[in-house]
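Trainee: The lines below spell out each chain.
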Amino acid sequence: MTTIATDLSRDRLSSRADEIYSTLLAAHEGLDDRESAALNARLILLLANLVGDADAVIEAIARAKKSGDGARDHNERT
Amino acid sequence: MARYAYKPFLYQKPAELSGGGGKRRPVVIIGAGPVGLSAAIDLALHGVAAVVLDDNDVVSLGSRAICWSKRTLEIFDRLGVGARMVEKGVTWKVGRLFHGDRQVYAFDLLPERGHKMPAFINLQQYYVEQYLVERCADFPDLIELRWKNKLTGLERRQDGVTLAIETPDGVYALEADWAIACDGARSTTRSLLSLDFAGRVFEERFLIADVEMASDFPSERWFWFEPPFHKGQSALLHKQPDNIYRIDLQLGGDADPSEEEKPERVIPRIKAIVGDRPFAIDWVSVYTFQCRRLERFVHGRVIFAGDSAHIVSPFGARGGNGGIQDVDNLAWKLAMVIKGEAGDALIASYDEERIRGADENILNSARSTNFMTPKSEMERIFRRAALELAVDHAFARRMVNSGRLSLPCSLAGLPLQTTDNAGEGVAPGVACPDAPVGENSYLLERLGGAFKLLAIGEVEAPLNLGLEVIRVGKGGLRDRDGLVEARFGRNTVYLVRPDQHIAARFSAMASETAVTQALARATCRLATRQEAAA
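Protein chains in written order, with my numbering: chain A, 1 to 78; chain B, 1 to 534.
Keep in mind the hints are simulated off the structure, nothing from the lab.
From the three backbone atoms N, C-alpha and C, an ideal C-beta is built for every residue, glycine too.
Be aware that one or more of the hints could be misleading.
[Said to hold, decoys possible] 27 Å max Cα-Cα, derived DSSO-like pairs, lysine-lysine:
| no. | chain 1 | residue 1 | chain 2 | residue 2 |
| --- | --- | --- | --- | --- |
| 1 | A | 66 | B | 231 |
| 2 | B | 375 | A | 65 |
| 3 | B | 231 | B | 13 |
| 4 | B | 148 | A | 65 |
[Unchecked claim] Pair ranges (Cβ atoms, derived):
| no. | chain 1 | residue 1 | chain 2 | residue 2 | range |
| --- | --- | --- | --- | --- | --- |
| 5 | A | 49 | B | 272 | 35 to 41 Å |
| 6 | A | 14 | B | 384 | 19 to 25 Å |
| 7 | B | 419 | A | 61 | 44 to 50 Å |
| 8 | A | 20 | B | 377 | 30 to 36 Å |
| 9 | B | 101 | A | 12 | 39 to 45 Å |
Construct all of the structure, not just a fragment, from the sequences and the given hints.
Mentor: Shown next as structure tokens:
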């Protein structure tokens, strides 16, 4: 569990993070909201399979849910 | 603290208009900004004379470029003004990034020790120009600064240029073998040659306000996405010397520049950030992002450097820094060509090497701009996701983009460098990292200006090639913190270019033949030799 938590945070893309981010945005260009959401869904499923470790994927889902808008107070740091 | 006092430089009637002159010059530099002045000094250090023209007679009005990177400071140090700039500048290395009212993360730019120069300083462009102008005075026989000399015409020939220049005393013609256009984003030279300046203009408008205030804000870079005081936009606060603060505010695409520059619009925006502290506005400018470059920087005997050749958005500090790195790359090449030590092919390599640098700057700058100005709901969603994850996840901090700060461009793989397979140390093409040597000096103080061999440890370096050998380790400079060996590897010889980039690396042995060949390659003499052999 601790390993998964560390792995979820650790930077593994290093200098190519910007490239990934801009490729993602480019993939969404010209799509409407529905198409964009569908693209994200397909991508998530592909990446989940690529991660392979089911526990890690489940932990990532929990993290993503916690980091979002509704979880703001939870994340507040002093 | 008194604000900067602009003192006009002395205009003098050019010799050409007093019945004298008429002499053909090796180099004329158009524009006495940081880039043009640095070019004149670098050429003078190589013994090449230059006339510098400027249509004005004062330094930059307004702070403009303020953020000078470590690599640029190393170049300024080589030019003899680095220490002065660091002394006056505000050294900073901590940046804080906020989303709304909470801090997402903080970063430290230079956690590594053993460098003479800091990661960044903030120093107003007018100081940089003043110090460079004063440094030019150290070369009275080589540098002539001509204020209020405005370029109005340019005629190109195979072996030179003729410039038409307007002064308060009339118009005259000046002949030169080479012209370097350092006349900025609105380059007259570029217009006179009708060159296309292709690229992107982003619609978003930004406001820069420099304010003077006595304040206790730390010397850090603070950047906000969607700040509480400036709804839905972004903001930057950065400290400069003399208690001047740079405030940069995103205004959106619909903002009217002439309206936004009015004090009644600017003052409330600043108050929203600084609160009730008393302040005075020093300089205001409304601008749009642009990313453009010339297709080529070398046009026969006219060479473009700095903003005249390429422009980027200010986030990332890649404008002024990119221009100084152009000069670093160009001056030694042009000097060798003028002295007949190399052919025009060496000038062509400036085009190739600095276009790589410009493209890197444009790519990074465009990405930062995209992150700062989401074009669609999905882009806003992705940005929010990155910012939210960044609080607890290191990887997401890599994706948050408020400007990727300028790093030296690697020239690896380009033709002047000798590629090798050695894994250890610094790869050919990379700018030499600094390290402490001797009792209280630094490695980079010993390198640059000319081709040199850097020999580390017990390794032989040829002494009969006319190259100065800088030896670190046994029988040479003391590697006082062991950082030369840690950064460069042991028992290795490097051929270092006059701009402190590595041209070649030799592990175990640097034979006379191997070094000679690498030097020929680095000065574009290799092809000629091969042709001669064939």
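Trainee: Next step is simple, just say for each hint if it's right about the structure.
Mentor: Going through the hints against the structure:
1. A distance of roughly 25 Å separates the Cα atoms of residue 66(A) and residue 231(B); the hinted pair therefore holds under the 27 Å criterion.
2. Between residue 375(B) and residue 65(A) the alpha-carbon distance is near 25 Å, which keeps this suggested pair within the 27 Å criterion.
3. With a CA separation close to 54 Å, the supplied pair residue 231(B) and residue 13(B) exceeds the 27 Å bound.
4. With a CA separation close to 63 Å, the supplied pair residue 148(B) and residue 65(A) exceeds the 27 Å bound.
5. In this structure the supplied range 35 to 41 Å is violated for residue 49(A) paired with residue 272(B), their Cβ-Cβ distance being about 48 Å.
6. A hinted range of 19 to 25 Å holds for the C-beta pair residue 14(A) and residue 384(B), which are about 23 Å apart.
7. Range check, residue 419(B) to residue 61(A): Cβ separation about 46 Å, and the 44 to 50 Å hint holds.
8. The hinted range of 30 to 36 Å is not satisfied by residue 20(A) and residue 377(B), whose Cβ atoms lie roughly 20 Å apart.
9. As the Cβ distance of residue 101(B) to residue 12(A) is approximately 30 Å, the hint placing it in 39 to 45 Å is violated.
Going through the hint list in order, the structure does not satisfy hints 3, 4, 5, 8, 9.
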